[in-house]
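Given chain G's structure and the hints, the job is docking chain H onto it.
So the sequences go chain by chain: G and H.
Quick note on this note's numbering: the first sequence kicks off at 1322 and runs consecutively.
Quick note on this note's numbering: the second sequence kicks off at 16 and runs consecutively.
There is no bait here: all hints are sound.
Which stretches of chain H does chain G cover? Using the computed rule of at least three CB atoms under 8 Å from a CB of chain G, they are:
id, region
1, 104–114
2, 117–125
3, 174–182
Keep in mind the hints are simulated off the structure, nothing from the lab.
Note that CB positions come from ideal geometry on N, CA and C, so glycine has one too.
Each chain, letter by letter, is given below.
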Amino acid sequence: MLRVQTQGTDQAAANPRSAIRDPRSRGLLRSLALLAAVLVVVTFVALRVGFAPIDFGALWDDESARTLFFRLRLPRVVLAGAVGASLAAVGAALQALFRNPLAEPLTLGVSGGGALGASLAIALGAGARVGGVPVVFVAAFAGAGAAVLVVYRLARTGAVVMPGALLLAGVVLNFIAASFVVLVQYFSDYSRALQILRWTIGSLDVVGFDLLWRMALFLIPGWLVLALSARDLHLLSIDEETAASLGVNVRRSERLVYVAASLIVGVTVAVGGTIGFVGLIVPHAVRLLFGEDVRVVLPCSFLLGASFLMLADAVARTALGTGEIPVGAITALAGGPVFLWLLRRQQRLATM
Amino acid sequence: MSPDAGKGETLIEARDVSFHYGAGLPEVVRGASLALQRGTLAALIGANGSGKSSLVRLLCGLREPTSGEVLFGGERLSAIEPRARARRIAYVPQTTSTVFPLTALEVVLTGRSPYTTRFRFESARDVEVARAALESVDAAHLAFRSVTELSGGERQLVSLARAVAQEPEFLLLDEPSSALDLKHRAALVRHLRRLREERDLTALVVTHDLQLIDPAFDFVFAMRGGTVAASGTPAEVLRDEVLAEVYSDSHVRARRAFGRTFVWTE
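So that you can see chain G by itself, here it is in the shape it has in the complex (with noise of 0.2 Å):
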């Protein structure tokens, strides 16, 4: 019995994922680091590469290269780059949030209400402004908000989220929004119908940097939020009554998160479509490189998550030559599989 316990101990000190004998913020801004250099590298090439590949030394002395690079090429990189890290860093926060490394905006139907609401606003008369932003980012926000409240009420019951009965309130609000959005189409004139159909493929193009700001009012907030949930969010993801035991307020922990998710996939999901996947591959490939932490998860998975998307914009891009695949397929079929596997995963530690 004795050797038993020994041998347990030999194991544990051989053991590489012994990340904790370090200082933990160290191995935090080391992976920074890392992701940081990934970043930079393929900002580089998705700046580099599409229909007109750019020579970054004609930037100084052709008209044209520099209006296409500052006008079109620029914005859209940045644009694929701030809706990969949002989704990203919501993902990761809804994982740690309900417990369950299925969960991101897509399954739990929150990208669904984002454009049930969007589409509405198209229907509606999209163009109108109320104090610089678009009524549609609003109309997206209220959507996602929606979403999040429904599925979280449906999959509660007493004091515990049930994992299995999230995800399924999430496929099947997915479904019910998608109808909608059909009729809604159904419904509206031509030219409108045209416009949400365009837009519910879904697509990072973008014209000058307007947009990014108006966007740029509901994500910073968004990221914030999440940012400063982080510590609570790694608790939550233990257990919530432990977490309450530890002091953090659990009500507002998630009521905060609920608003930053839906300001953030309201806002992505109005201006790119239903992206889905990008929240469920980055935050899990972060774990895998970097531990299970969620104050490390966090901030990888946005930065992972914007190189993520961005290279996937680029391959939209170029795939085939001339025009353009729709982003949400690429990470569709990236990230469809991914879900699968993990799915059997966690189905075969349930049975364990």
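Just chain H, lined up with the frame of chain G:
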């Protein structure tokens, strides 16, 4: 029998507390009162559904009573800021729902979070405290194992180590021994007594394991139908007629032998 345990300063006191989990739901705690002196090890017993776990949640501030009040160190518990409370009261739930493969040491380190600021990671000293806590519950060998791979009993040990790392004055354990083997049950009790000697720890332990109580615990509270129906020293509570009433079963027997009390049903 007075509901007061031991002597000296009262650390925690519930005054006529009632609680239900929502409007329309039945009251699970009905006018329960108890008081615990600092440095006492107390057991909380009672039939299934008698309100033990709910009372424990009220005593550690996870829930607020719908009527009555809980006082901790003379202050209203609900008035204490949650993180300040977490530095003084630790709680080990019956089960934890961890699905992410964190290492045991990472989980134990969360016990230090009430001591760190929002944007700080745990210090080297925190890591030391966490390791010592794991060692003290005889689970040092689990430090780098992923908690999702651990057995129920091992998880309970990790949870307990997390609570110990919180360095609390008052420790609430909800059925800690339910998944522990014989050796670790005894170790748990030894450990609680040692913490009491070293740090003047006060603990309240929910348990169905009546053999564990005498002589390990100083005091016993017995719940029935949401109230504290009996309380006193183990010798006072672990008697046929008291247990018969607490468990609504006239076949319960308690006998003292070999310096401890044995309990069984006929």
